[in-house]
Each structure stands twice: as structure tokens, then as C-alpha cells.
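Number of protein chains: 6
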Amino acid sequence: MSEEDAVRSGDGSNGGDGSPDDLTHTDDAGDVQMVDVGAKPDSSRRAVARGEIRLTPGTIAAVEADAVEKGDVLATARIGAVQAVKHTWETIPMCHQIPITNVDAEFAVGDDRIELTVAVETTGKTGCEMEALEGVTTGLNTVWDMVKAAEKDGDGQYPDTRIADVKVVDKRKETVDA
Amino acid sequence: MSEEDAVRSGDGSNGGDGSPDDLTHTDDAGDVQMVDVGAKPDSSRRAVARGEIRLTPGTIAAVEADAVEKGDVLATARIGAVQAVKHTWETIPMCHQIPITNVDAEFAVGDDRIELTVAVETTGKTGCEMEALEGVTTGLNTVWDMVKAAEKDGDGQYPDTRIADVKVVDKRKETVDA
Amino acid sequence: MSEEDAVRSGDGSNGGDGSPDDLTHTDDAGDVQMVDVGAKPDSSRRAVARGEIRLTPGTIAAVEADAVEKGDVLATARIGAVQAVKHTWETIPMCHQIPITNVDAEFAVGDDRIELTVAVETTGKTGCEMEALEGVTTGLNTVWDMVKAAEKDGDGQYPDTRIADVKVVDKRKETVDA
Amino acid sequence: MSEEDAVRSGDGSNGGDGSPDDLTHTDDAGDVQMVDVGAKPDSSRRAVARGEIRLTPGTIAAVEADAVEKGDVLATARIGAVQAVKHTWETIPMCHQIPITNVDAEFAVGDDRIELTVAVETTGKTGCEMEALEGVTTGLNTVWDMVKAAEKDGDGQYPDTRIADVKVVDKRKETVDA
Amino acid sequence: MSEEDAVRSGDGSNGGDGSPDDLTHTDDAGDVQMVDVGAKPDSSRRAVARGEIRLTPGTIAAVEADAVEKGDVLATARIGAVQAVKHTWETIPMCHQIPITNVDAEFAVGDDRIELTVAVETTGKTGCEMEALEGVTTGLNTVWDMVKAAEKDGDGQYPDTRIADVKVVDKRKETVDA
Amino acid sequence: MSEEDAVRSGDGSNGGDGSPDDLTHTDDAGDVQMVDVGAKPDSSRRAVARGEIRLTPGTIAAVEADAVEKGDVLATARIGAVQAVKHTWETIPMCHQIPITNVDAEFAVGDDRIELTVAVETTGKTGCEMEALEGVTTGLNTVWDMVKAAEKDGDGQYPDTRIADVKVVDKRKETVDA
Numbered sequence: 001m002s003e004e005d006a007v008r009s010g011d012g013s014n015g016g017d018g019s020p021d022d023l024t025h026t027d028d029a030g031d032v033q034m035v036d037v038g039a040k041p042d043s044s045r046r047a048v049a050r051g052e053i054r055l056t057p058g059t060i061a062a063v064e065a066d067a068v069e070k071g072d073v074l075a076t077a078r079i080g081a082v083q084a085v086k087h088t089w090e091t092i093p094m095c096h097q098i099p100i101t102n103v104d105a106e107f108a109v110g111d112d113r114i115e116l117t118v119a120v121e122t123t124g125k126t127g128c129e130m131e132a133l134e135g136v137t138t139g140l141n142t143v144w145d146m147v148k149a150a151e152k153d154g155d156g157q158y159p160d161t162r163i164a165d166v167k168v169v170d171k172r173k174e175t176v177d178a
Numbered sequence: 001m002s003e004e005d006a007v008r009s010g011d012g013s014n015g016g017d018g019s020p021d022d023l024t025h026t027d028d029a030g031d032v033q034m035v036d037v038g039a040k041p042d043s044s045r046r047a048v049a050r051g052e053i054r055l056t057p058g059t060i061a062a063v064e065a066d067a068v069e070k071g072d073v074l075a076t077a078r079i080g081a082v083q084a085v086k087h088t089w090e091t092i093p094m095c096h097q098i099p100i101t102n103v104d105a106e107f108a109v110g111d112d113r114i115e116l117t118v119a120v121e122t123t124g125k126t127g128c129e130m131e132a133l134e135g136v137t138t139g140l141n142t143v144w145d146m147v148k149a150a151e152k153d154g155d156g157q158y159p160d161t162r163i164a165d166v167k168v169v170d171k172r173k174e175t176v177d178a
Numbered sequence: 001m002s003e004e005d006a007v008r009s010g011d012g013s014n015g016g017d018g019s020p021d022d023l024t025h026t027d028d029a030g031d032v033q034m035v036d037v038g039a040k041p042d043s044s045r046r047a048v049a050r051g052e053i054r055l056t057p058g059t060i061a062a063v064e065a066d067a068v069e070k071g072d073v074l075a076t077a078r079i080g081a082v083q084a085v086k087h088t089w090e091t092i093p094m095c096h097q098i099p100i101t102n103v104d105a106e107f108a109v110g111d112d113r114i115e116l117t118v119a120v121e122t123t124g125k126t127g128c129e130m131e132a133l134e135g136v137t138t139g140l141n142t143v144w145d146m147v148k149a150a151e152k153d154g155d156g157q158y159p160d161t162r163i164a165d166v167k168v169v170d171k172r173k174e175t176v177d178a
Numbered sequence: 001m002s003e004e005d006a007v008r009s010g011d012g013s014n015g016g017d018g019s020p021d022d023l024t025h026t027d028d029a030g031d032v033q034m035v036d037v038g039a040k041p042d043s044s045r046r047a048v049a050r051g052e053i054r055l056t057p058g059t060i061a062a063v064e065a066d067a068v069e070k071g072d073v074l075a076t077a078r079i080g081a082v083q084a085v086k087h088t089w090e091t092i093p094m095c096h097q098i099p100i101t102n103v104d105a106e107f108a109v110g111d112d113r114i115e116l117t118v119a120v121e122t123t124g125k126t127g128c129e130m131e132a133l134e135g136v137t138t139g140l141n142t143v144w145d146m147v148k149a150a151e152k153d154g155d156g157q158y159p160d161t162r163i164a165d166v167k168v169v170d171k172r173k174e175t176v177d178a
Numbered sequence: 001m002s003e004e005d006a007v008r009s010g011d012g013s014n015g016g017d018g019s020p021d022d023l024t025h026t027d028d029a030g031d032v033q034m035v036d037v038g039a040k041p042d043s044s045r046r047a048v049a050r051g052e053i054r055l056t057p058g059t060i061a062a063v064e065a066d067a068v069e070k071g072d073v074l075a076t077a078r079i080g081a082v083q084a085v086k087h088t089w090e091t092i093p094m095c096h097q098i099p100i101t102n103v104d105a106e107f108a109v110g111d112d113r114i115e116l117t118v119a120v121e122t123t124g125k126t127g128c129e130m131e132a133l134e135g136v137t138t139g140l141n142t143v144w145d146m147v148k149a150a151e152k153d154g155d156g157q158y159p160d161t162r163i164a165d166v167k168v169v170d171k172r173k174e175t176v177d178a
Numbered sequence: 001m002s003e004e005d006a007v008r009s010g011d012g013s014n015g016g017d018g019s020p021d022d023l024t025h026t027d028d029a030g031d032v033q034m035v036d037v038g039a040k041p042d043s044s045r046r047a048v049a050r051g052e053i054r055l056t057p058g059t060i061a062a063v064e065a066d067a068v069e070k071g072d073v074l075a076t077a078r079i080g081a082v083q084a085v086k087h088t089w090e091t092i093p094m095c096h097q098i099p100i101t102n103v104d105a106e107f108a109v110g111d112d113r114i115e116l117t118v119a120v121e122t123t124g125k126t127g128c129e130m131e132a133l134e135g136v137t138t139g140l141n142t143v144w145d146m147v148k149a150a151e152k153d154g155d156g157q158y159p160d161t162r163i164a165d166v167k168v169v170d171k172r173k174e175t176v177d178a
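Chains as they are written, first to last, in the UniProt record's numbering: chain A, 1 to 178; chain B, 1 to 178; chain C, 1 to 178; chain D, 1 to 178; chain E, 1 to 178; chain F, 1 to 178.
Hints are computed from structural coordinates only; laboratory data are not their basis.
Each pair may be met inside one copy or between any two copies, as identical chains are not told apart.
In silico DSS-like cross-links for lysine-lysine, where the CA-CA straight-line distance does not exceed 30 angstroms:
| id | residue 1 | residue 2 |
| --- | --- | --- |
| 1 | LYS70 | LYS125 |
| 2 | LYS152 | LYS70 |
| 3 | LYS40 | LYS171 |
| 4 | LYS171 | LYS125 |
| 5 | LYS125 | LYS173 |
| 6 | LYS152 | LYS173 |
| 7 | LYS40 | LYS173 |
| 8 | LYS152 | LYS40 |
| 9 | LYS171 | LYS70 |
| 10 | LYS40 | LYS125 |
| 11 | LYS152 | LYS171 |
| 12 | LYS40 | LYS70 |
| 13 | LYS152 | LYS125 |
| 14 | LYS173 | LYS70 |
These numbers come from a predicted model, not from an experiment.
Let the sequences and hints guide you as you build the complete structure.
Spelled out as C-alpha cells, the structure:
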């Protein structure tokens with residue numbers, strides 16, 4: 001819908017009861033808005049994002065041994081990632097709500113880092129890379145939350161913990177046979 | 001689903017294991033319920049709502065000069081409106097969740113009021129006027145929240161601030177070519 | 001927290017690992033921000049808001065007779081209002097989450113309107129007038145949602161339905177004896 | 001999406017910039033995941049769940065007389081049930097969000113129990129029995145919340161209150177004519 | 001706040017601008033309302049609820065062997081339970097939001113059932129048994145969701161699956177030393 | 001509450017009515033759980049997190065000129081960050097809900113990156129670094145969402161866009177004078 005349409009259709013049904021002539025319409029340039037996806041066809045879409053959290057070797061060992069006192073780090077982070085994917089439409093202000101058909105969250109553990117890959121699939125009118133990115137960042141934040149006690153130094157700071165290299169590694173769209 | 005269906009299908013699979021004969025089914029008349037939209041076709045729908053907040057001239061001037069200490073009033077209210085549109089299915093108890101394809105929020109500023117027009121579009125089984133209305137009222141409440149300090153009198157009251165004339169100015173439905 | 005503090009504490013722990021010197025800090029003037037309530041004492045606070053929805057006499061009669069097909073209008077709207085009060089911290093972008101201790105939603109029915117008064121009480125660091133306003137506007141929107149079928153004209157429009165005169169009628173703060 | 005796909009598509013766009021060779025991919029066996037419903041057709045689906053709450057005869061009498069001080073028990077529980085149905089996709093970690101087209105909540109009152117039947121209908125890619133179950137358990141919990149004062153003994157305990165016999169009584173799927 | 005107060009304080013600030021004399025205040029008897037907890041002291045409170053889900057022996061064996069295709073049943077259900085505890089204030093319409101300080105979810109596995117005990121602790125103005133009950137019922141529903149494929153019969157029905165015996169097993173309140 | 005307590009208090013009030021002797025309590029080692037903060041005093045706490053998003057120079061220029069078609073990037077991202085801070089208790093599965101008293105989100109714009117610093121303050125029983133981290137990652141994801149059209153290459157991929165160097169730069173706790 002163009003701004004002009006909004007204004008015109010409003011004026012048409014606005015019989016002099018409250019909208020005085022002296023109103024100044026704000027300049028729309030730069031105003032935030034959702035993208036109109038009404039005319040887009042439903043497509044089968046897939047996006048994969050990836051990122052990593054840098055951790056101390058001691059923390060990595062504890063995660064692998066399932067010896068973190070707060071509980072199973074990767075199982076909790078996987079659920080945090082899936083939930084974040086599903087909530088992206090309310091977390092990112094201008095995102096649309098799209099029907100998520102599949103989420104896959106995969107961890108890979110290195111000597112000094114844990115890498116998280118989140119693949120999201122939808123059959124909808126707009127892509128799902130923001131969903132995949134929210135899955136990755138919230139999943140990695142959940143890892144951080146679970147290992148806080150191990151990563152903090154004596155002063156309560158996190159000198160070495162980092163979330164890094166969060167990117168979209170793949171994005172695809174296919175026509176739906178419908 | 002008719003009430004009778006609900007009762008009957010229940011009874012059928014209810015082999016004497018916990019539901020004694022002496023249960024009194026509550027009279028359904030007046031009981032709140034969602035409208036069954038299962039048989040309705042997907043249509044392209046659009047609703048536009050509008051309302052206004054009355055403010056003191058000093059507040060209006062501060063909004064236009066972007067001089068409100070709490071920040072950019074209209075940008076924040078626009079986002080509050082869009083988020084409210086997306087959340088209407090949980091805010092209004094009997095609303096259905098419908099796929100919002102477009103939201104457009106427009107402000108017009110007068111000498112003593114700010115008017116907000118919210119247009120919502122969906123491709124679904126039920127209309128979106130409640131979404132547009134929630135966008136308008138929450139957008140106007142967000143304006144109020146941002147200008148609280150300017151509108152309060154010495155006693156902490158709001159003698160002049162008002163939200164008024166909230167109405168649905170247009171509602172349309174078109175068949176989807178599918 | 002002042003902006004300067006944020007910048008300085010950041011710089012201190014920022015040992016050359018990614019934040020180059022050539023960054024331009026955005027001008028904070030006009031940037032939206034929450035109000036810092038950390039230094040405010042907990043007080044017993046109460047706010048009362050009120051508003052009305054104008055309806056056709058036939059709809060009013062149906063509401064009073066509990067004859068609206070979608071169900072009990074005022075019971076549903078009362079719950080919608082209470083839930084909206086509790087959710088205000090996420091609905092209004094810059095609101096704080098405060099502990100609501102009491103909500104009272106009262107309807108008064110006239111010949112051509114239903115008036116809703118919502119009183120909210122909290123023991124917190126900031127007032128609850130936005131909570132009361134969200135209760136009123138969402139409660140009235142819920143009334144609208146419940147009587148849509150009765151209020152629509154033959155063309156699917158709402159020529160007479162209006163939400164009007166939404167205001168804060170009382171706001172108080174008392175020191176907590178603690 | 002198979003796990004292999006996720007790994008491979010990720011590797012393909014992963015030009016040596018952060019994912020070292022020494023990463024150990026976690027064994028996927030037992031890892032929680034959503035079911036991929038992307039290839040499933042939209043079907044018309046219906047599920048009915050039922051359960052009961054055991055209450056003291058005095059409480060039952062108060063519910064039937066609408067004499068519970070906290071308010072109308074069944075009206076509130078009915079709305080609690082409908083809202084729970086709509087929120088199941090976020091309450092149950094691995095559920096998909098599906099478009100609910102109809103919810104019907106029915107109470108039956110016995111001498112020592114209140115039975116709640118919730119029927120849910122959707123036109124989607126996966127069934128809605130979890131939605132019906134969440135409607136039943138949250139509806140019954142809402143009854144409990146409304147009658148707490150009547151059910152508590154002198155020691156603040158609930159010796160007799162029970163939620164019992166929660167089951168899925170019917171589940172159907174029909175092809176959508178589309 | 002008494003109802004009389006609400007009416008009176010409203011009338012006092014209601015200078016003839018929109019609230020005509022002919023309004024009929026609805027009879028409050030039976031109207032749902034939150035309990036006013038404003039005058040209650042903060043106490044250390046604890047509630048424990050328990051319930052069970054009846055499952056087929058084959059499903060129980062798969063859960064114990066962590067061989068359920070959809071993933072780790074008990075880890076997922078534990079997180080579902082904790083999240084449900086935290087969300088009770090929005091799930092149960094008349095619940096207050098209280099600061100949860102601790103949640104403990106414990107499973108016990110028998111030959112034909114899994115039992116879930118959820119203990120919740122808070123330092124607040126009202127008890128947390130509803131939080132414990134929501135933790136139990138949503139935790140058990142999450143178990144159901146994870147084992148759907150194993151529990152369904154050839155006709156897609158759940159002839160044996162049941163949630164049963166959900167009760168509050170302990171509830172305590174202690175004065176906070178403050 | 002220790003695990004032993006949970007088991008014992010449950011057993012104590014469990015008079016043989018539903019918990020048969022043959023139940024096997026699951027081994028708690030590794031089970032995820034919230035940290036018990038009930039015995040911690042309320043403290044004034046502050047955490048600052050920082051991160052950056054790498055963008056193409058053309059995108060940076062468009063952001064600075066407020067020429068991005070989807071709207072004001074930094075205003076939207078600032079609100080996204082504040083909302084994410086407030087929602088951390090539900091986004092990160094094992095986080096507690098704490099009363100946020102202040103949030104400050106600051107952007108700094110470089111030639112090839114935008115840096116976001118989020119400072120969070122609370123007066124509660126546990127720290128707020130997860131809130132600050134969620135503010136940073138969601139704020140940066142919101143930037144990404146707003147500039148998607150500018151950052152995508154001809155193939156719909158994001159070859160250069162990265163979120164990087166997300167860290168906690170400061171964390172403090174002070175005793176509250178109460």
C-alpha cells in the first residue's frame with residue numbers, strides 16, 4: 001500500500017468529524033515500515049546461518065564431559081535456538097510472521113570454540129534468514145548463560161568469551177508446486 | 001464445530017472411565033467462543049483505523065522539533081503500533097492469528113493533536129480491523145508514554161491529554177486469485 | 001547512566017581488538033531511551049484511566065441481555081483489560097516492568113455507550129498510568145471485537161462505532177513504610 | 001532437511017574463515033529437533049481433548065451459584081483455555097505454529113468434579129492435539145486458580161484437589177479441497 | 001482497592017465531560033478480578049506440585065534409552081516445565097507476576113508412567129502453587145509431544161496415554177528477614 | 001533448594017496415592033536447572049556488552065544519510081535492543097526475570113561497521129550480562145534486517161555481512177542501601 005492510498009482512503013470516509021484541515025502529515029521519508037509482501041507468492045525457502053562462541057579450554061572440556069553444573073549446555077542451547085527462531089517475528093520489529101516448517105540446530109565443538117549452525121525452512125512470502133540469525137545468536141547466548149560460572153575470572157569479568165563470525169551461509173528459494 | 005458435535009464425539013470415545021452420567025453440561029448460551037473460520041476462503045483483506053491524541057501546544061512543538069527528552073516520539077510510536085498489530089491475536093482474547101502482509105502507520109500533526117492512521121493488510125480467513133484498532137490505540141498510548149513529562153501538571157495529573165475519535169475508516173475484502 | 005559513562009567504561013576494556021578509532025558516535029539527542037528509575041524509591045502507586053465505546057442501541061441491548069452470539073462481552077473484555085495491564089511493559093516500547101499488585105476493571109452501560117474504568121496499583125519505582133490506559137483501550141477494543149457482527153452495516157463498515165474520551169482520571173503516589 | 005544437508009551446505013560457503021578443521025560435530029542421535037513438516041500438505045484437522053478437576057462439593061456449589069469471590073470461574077477458565085490453545089507453539093518447545101481456525105471449550109459439572117472438553121480445528125501441516133491438551137490443562141489450572149480460597153484447608157494445603165484423566169478423545173484429518 | 005473506591009475516585013475527577021448521568025454500573029458480584037496483594041508482605045514461599053503421564057512400556061523403554069527419534073524427552077520437558085513456571089502470570093488470567101527465585105523439575109520413571117515433580121520458590125506477595133502446577137502440566141504435555149509417534153495407534157489415536165493425578169504436594173510460607 | 005530436599009519434601013506428603021515404589025528417579029547430574037537466587041541479597045548491578053556488524057560502505061553511507069528505504073535503521077535497532085533486554089528472561093531458558101531499571105543503547109558508526117554498546121542496570125538478585133548480550137545481538141540483527149536489500153548480492157546472498165566481536169565489556173555489583 002502506498003502512503004498516498006492510505007491517506008486518500010482515510011480522507012474519503014472522514015466526514016468532517018475530527019480531522020481538521022490544519023493537520024501536517026509527517027514526511028514519510030525515513031519512516032520505518034514493514035515490507036509489503038502481500039503480492040509475493042508462497043515459496044519454499046531455506047536459510048542457514050552460522051556463528052561461534054570462543055570459550056576457554058576448561059569450559060570446552062566441561063561441556064564435552066557434560067560436567068557443567070547448570071546442566072546440559074548444548075541441549076539447552078538447541079532449545080533456546082529453536083524457540084528464538086519461532087519468536088523472530090516479535091523480536092525483530094519489522095519482521096513478518098511466517099510459518100516455520102523446519103529448524104535444525106547443529107553444534108560443532110573445537111578446542112577453543114563452539115560453532116552453531118541453524119537451518120530454517122518456511123513456505124511463505126518472505127525469506128527466513130533473520131530467523132536463522134536469531135537462532136544462532138540466541139543459541140550462542142544460551143551457551144554463554146550456561147557456562148557463566150566457568151568463564152568468569154576472579155573479578156567477575158569475561159576477558160576471553162566472545163561471540164564471533166555470525167553470518168548467513170546459505171539462502172535459497174524454490175517455487176512451490178501448488 | 002457445533003456444540004452438539006463436541007459433546008457427541010466426546011461421548012463416543014468415553015468408555016465409562018471417568019465421566020459419570022451425572023454431569024451437567026453448562027448451558028452454552030452466552031459462553032464466549034471464537035468464531036469458526038475454517039470454512040472461509042483466504043481473501044485479500046485490508047482495514048484502516050484512525051484515532052487521535054489531544055496534547056498541549058507545548059508538547060506538540062516539542063514533538064515536531066524532536067526535542068522530547070525521552071527520544072523520537074513518532075518513530076517509537078510507529079514501532080509500537082506495528083508491534084501491536086502483530087500481537088493482536090494474543091491481546092484480544094477471541095481473535096484468530098492471521099498472516100499480516102503489510103502495516104502502514106501514518107501520523108498527522110495538528111496544533112493540539114496528533115492523528116494516527118494505521119492500515120493493515122492480510123491474506124486470510126477473517127478481517128483485520130481489530131489489528132488496525134490495536135495499532136492505533138497502542139500507537140497513541142506510546143505517544144502518551146513518550147510525552148508524559150511534558151503533559152503532566154504540577155500535581156502529576158493529565159488534565160488535558162485525551163485519546164479520542166478512534167474509528168475504523170475503511171474495510172475491504174477481495175477474492176484471492178489462487 | 002550517562003552516555004559518557006557508557007562510552008568510557010567501554011573504552012577501558014577495549015584493548016585494540018576490533019573497535020577502530022575512526023568510529024563516529026551517533027548524536028544522542030533525540031534518541032529514544034528508557035527513563036533511569038534505579039535511584040527512585042519503591043512507592044505505593046495507583047492510577048485510574050477511563051474511556052468509552054459508542055455503540056448502537058441495539059448492540060447495547062444485546063450486551064445487557066447477554067444475547068451477543070460470540071459470548072459474554074463484558075466478562076471477556078474485563079479479562080482482556082487485566083491481561084493488557086500485565087503486558088504493558090512489552091506493549092509500550094519504553095515502559096519498565098513493574099509489579100502489579102491490583103487491577104480493577106469496571107463497566108458502566110449507558111444508552112449509547114459503554115464506559116470502562118481501570119484502576120491499577122503497584123509498589124514500584126515508576127507510575128502505572130500507562131498500564132491503566134492500556135487496560136482501558138484494550139478492554140474497549142475487546143468489546144468492539146465481541147460485537148463486530150452487531151455493529152457492522154450492510155457494507156461491512158462501522159459508521160457509528162467509536163472509542164472516545166480515554167483519559168487518566170487519577171494518579172497517586174504514597175511512600176511505602178518499609 | 002537431513003543433518004548431512006545442513007553440514008554440507010554450510011561447508012560449501014565456508015571459505016576457511018573461522019571454522020577450523022578440528023571441530024567435532026556433536027552426535028545428532030538423541031538431539032531434540034522439530035519435525036520437518038515442509039512436505040506435508042495442508043489438511044483440515046481436528047483434535048478433542050478432555051480432562052477433569054476434582055473439587056470439594058462446597059466449591060462445586062459455589063461455582064454453580066456463581067458465588068466464588070474471585071469471579072466467574074467457568075468464563076475465566078474458558079478464556080484461559082482458548083488463549084492456551086493459541087499459545088501452544090511457544091509453550092511446547094518443539095511444536096510448530098499452526099493456524100487455529102476454531103476452538104470450542106465445554107464444561108460439564110458433576111457432584112465432585114468439573115470436566116473440560118476442548119476441541120481445536122486447524123487447516124495446516126500438522127495435527128492439533130497438543131493445542132487441545134494445553135487448552136484442557138490450562139483451563140483446569142485456571143479453575144484451580146479461581147477456587148483456591150475455597151479448596152485450601154486450614155493449613156493452606158490442597159488435600160483433595162486433583163487434575164485427572166487428561167486424554168485425547170478424538171483426532172481426525174481430512175484432505176482440503178484446494 | 002475496594003470497588004467503591006474505584007467508583008468514587010473516578011467520579012471525583014469526572015467533570016461532566018463525557019460520562020452522562022444515565023450510566024448503569026454493572027453489578028460487580030461475580031465479576032472476575034485479581035486479588036489485591038498490595039498490603040501483603042514479601043514472604044519466602046515454596047510450592048511443590050506433582051503429576052504423571054501414563055505411557056506404553058515401549059515408549060518408556062525408548063525414553064530411558066534416549067532412543068526417541070524427536071530427541072531427548074526429559075531434557076526438553078524439563079525446559080518446557082521451567083519456561084511454563086516463568087510464564088504462569090500470563091497463562092492463568094488472574095495470576096500476578098511474581099519473582100521466581102528457583103525452579104526444580106524432577107522426573108521419576110516407572111514401568112508404565114513418568115512422574116514429574118516441580119518445586120517453585122519465590123520471594124513475593126502471593127503463593128506459587130499455580131506456577132508449580134503449570135510447570136507440571138506443561139512438562140507432562142511436553143513429554144506427550146515428544147513421544148507422539150510412539151504412543152499413537154494405527155488409527156492415529158492415543159488410547160492409553162493419560163495425564164493423571166496432578167496435585168499440590170506441599171506449600172509453605174516463611175517470613176523474610178528484611 | 002537442593003535436589004535432596006525436593007525429593008524428600010515430595011516423599012513426605014506423598015501418602016501412597018499415586019507414586020509407586022518402583023519409580024526410578026532420573027540421575028540429576030547434568031540436568032539443566034535454574035540457579036537458586038533466593039538467598040542472594042538485592043544488589044545494584046550493571047553490565048555493558050558490545051558488538052559490531054560489518055557492512056558494505058554503501059550501506060553505511062545510506063544508514064548515515066537516513067536513506068534506507070525500510071526506514072530509520074538505528075532508531076529501529078535501538079528499540080529492538082531495548083525490547084530484547086526486557087525479554088531476556090523468556091529468551092534464555094534458564095534466566096531469571098529481574099527488574100530492569102535502565103537500558104542505554106549506543107551506536108558508533110565506522111567506515112565498514114556499526115558498533116552497538118548496550119548498558120543494562122537492575123536492582124536484583126542476579127547479574128544482567130545476559131540482558132546486555134541479548135540487547136547487543138538482537139540490536140545488531142535488527143540492523144541487518146533493516147539493510148537486507150542493500151547488503152544482498154545479485155544471488156540473494158550476504159557475502160560480507162557479519163556480526164562479530166560480541167563481548168561483555170563491564171560488569172559491576174554494588175550493595176543496595178536499604
